[in-house]
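Peer 1: Here is how the chains run, residue by residue.
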Amino acid sequence: MKKKFDWLLVLDIVAGVGMVVATGLVFFYAPMEATMGNVQRVFYFHVANAWVGMLAFTLAMISGIIYLRNKRPVWDIVGLASVEVGMVFMLIAIVTGSIWARPIWNTWWTWDPRLTTTTIMELVFASYLLLRQGIEEPERRARFGAVYAIIGFLSVPLTFFSIRIFRTIHPVVVGANEAGAQGAFDMTPKMGLTFAVSLIAFTILFAALTWHRIRLGKRAAAVEEQKMRLAQ
Amino acid sequence: MEGPAETTVYMIAGYAVIFGVLFLYITSLWVRHVNLSRDEATLRDLERDDQS
Amino acid sequence: MLLTVAIVLPIYSILYNLNLLLLPLIGVTLLASWGYVAVGTLLATMAVQARTRDILLPILLFPVVIPLLVAAVKASSAVLGGLPLEELTPWVNILIGYDIIFTAAAFMVFEYVVEE
Chain R
672 MKKKFDWLLV LDIVAGVGMV VATGLVFFYA PMEATMGNVQ RVFYFHVANA
722 WVGMLAFTLA MISGIIYLRN KRPVWDIVGL ASVEVGMVFM LIAIVTGSIW
772 ARPIWNTWWT WDPRLTTTTI MELVFASYLL LRQGIEEPER RARFGAVYAI
822 IGFLSVPLTF FSIRIFRTIH PVVVGANEAG AQGAFDMTPK MGLTFAVSLI
872 AFTILFAALT WHRIRLGKRA AAVEEQKMRL AQ
Chain C
385 MEGPAETTVY MIAGYAVIFG VLFLYITSLW VRHVNLSRDE ATLRDLERDD
435 QS
Chain X
27 MLLTVAIVLP IYSILYNLNL LLLPLIGVTL LASWGYVAVG TLLATMAVQA
77 RTRDILLPIL LFPVVIPLLV AAVKASSAVL GGLPLEELTP WVNILIGYDI
127 IFTAAAFMVF EYVVEE
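In the order they appear, the protein sequences are chains R, C and X.
All you need for this note's numbering is the position in the first sequence, starting with 1, plus 671.
All you need for this note's numbering is the position in the second sequence, starting with 1, plus 384.
All you need for this note's numbering is the position in the third sequence, starting with 1, plus 26.
Be careful, since some hints might not be right.
[Claimed, not checked] Distance condition first, Cα-Cα at most 20 Å in a straight line; then the derived EDC-like pairs of lysine to aspartate or glutamate: (1) R:Lys-889 with C:Glu-424; (2) R:Lys-898 with R:Glu-808; (3) R:Lys-898 with C:Asp-423; (4) R:Lys-898 with C:Asp-433; (5) R:Lys-889 with R:Glu-810; (6) R:Lys-889 with R:Glu-808; (7) R:Lys-742 with X:Glu-137.
[Claimed, not checked] Derived coverage of chain C by chain R (criterion: at least 3 residues anywhere in the stretch with Cβ under 8 Å from a Cβ of chain R; other residues may be distant): (8) 394-407; (9) 417-429.
Calculated from the structure, these hints are not laboratory results.
Using N, Cα and C, we set each Cβ at its ideal position, and we do this for glycine too.
Work out the full structure: start from the sequences and follow the hints.
Peer 2: As structure tokens, then:
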């Protein structure tokens with residue numbers, strides 16, 4: 672459309688390269704973990720996805736607050752974009768966690784506080800999308816969406832602190848593990864590097880995808896507006 | 385100490401999910417992009433017809 | 027909102043008084059109902075303005091009140107099971123934290139839900 676230099680294209684390329692590098696490190700550079708075997712390699716992208724999901728939902732809440740303050744439609748588009756992208760990443764985090772848990776915890780799923788609260792978070796934002804579906808008028812949809820994103824996000828600190836407040840079997844990456852944690856391991860420097868690169872790669876990928884989704888949202892809004900104009 | 389557990393299948397499943405879901409999402413973005421472009425073109429045509 | 031509290035709380039109290047008259051239990055129910063009312067009122071106000079209002083309220087409410095329900099159930103069973111105080115405190119802390127956070131949030135955003 673525009674002939675202007677497109678920074679998003681640059682970001683796409685960086686994200687693509689980052690993902691290739693991260694994947695390469697995970698499979699060919701990081702050593703095999705001594706007891707868990709190859710499934711431990713899921714951990715790098717599992718945590719990266721969960722981190723990015725958190726980031727996305729945080730962004731959704733922040734755009735909700737900004738929208739309520741200045742009522743500019745663009746912040747509604749940003750909010751919706753980050754919720755959508757966040758749900759994709761969080762879903763991946765939950766499913767990969769489950770796959771990892773099967774051989775390590777001997778179960779696909781357990782109602783561990785952290786697992787439970789992560790699931791609740793996913794449900795909250797599924798409800799967010801359903802709420803938006805139920806409201807026709809764009810201004811009210813944006814307003815209610817923003818309110819629900821803020822309210823829904825308040826379940827996130829519960830997710831984060833649950834691992835420390837309650838006894839849990841979910842291992843923590845940063846800080847000391849509780850005695851009951853199963854599947855914890857010490858990272859070697861090579862593992863640490865792989866982990867850091869995975870986090871960065873996914874953060875860039877998140878930025879690129881969200882940006883694309885925001886652009887799409889803006890165009891969709893413009894098309895809607897034009898349709899309304901023509902209908903009159 | 386026993387050696388590493390044989391869990392390669394789970395690793396493959398995990399990465400299949402990661403790349404599969406990402407691929408699906410990017411495809412959905414692409415499909416929406418194509419549909420929007422079509423809508424935009426249709427609207428442009430309509431507007432031109434209105435003016436003439 | 028206060029009216030809802032006034033209606034809901036006696037019913038809750040009566041239900042629980044039938045079982046056992048315990049001060050900590052009433053405290054737990056009070057805390058839990060408070061949080062429930064704070065969130066419920068806000069979300070109900072949004073839900074009634076939507077097209078799919080019949081199914082929307084439970085969908086909106088359910089994920090947000092789960093931490094409250096879990097904490098309330100755990101705290102109640104700790105009281106009824108006569109567990110030591112340190113078993114009870116973390117759950118009561120969650121309840122109090124939930125109440126404070128969601129009451130404050132509800133008051134801050136409520137004006138955006140009712141404005142036209």
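Peer 1: Determine which of the earlier numbered hints do not hold for this structure and return their numbers in increasing order.
Peer 2: Of the numbered hints given earlier, the structure breaks none, since each of them holds.
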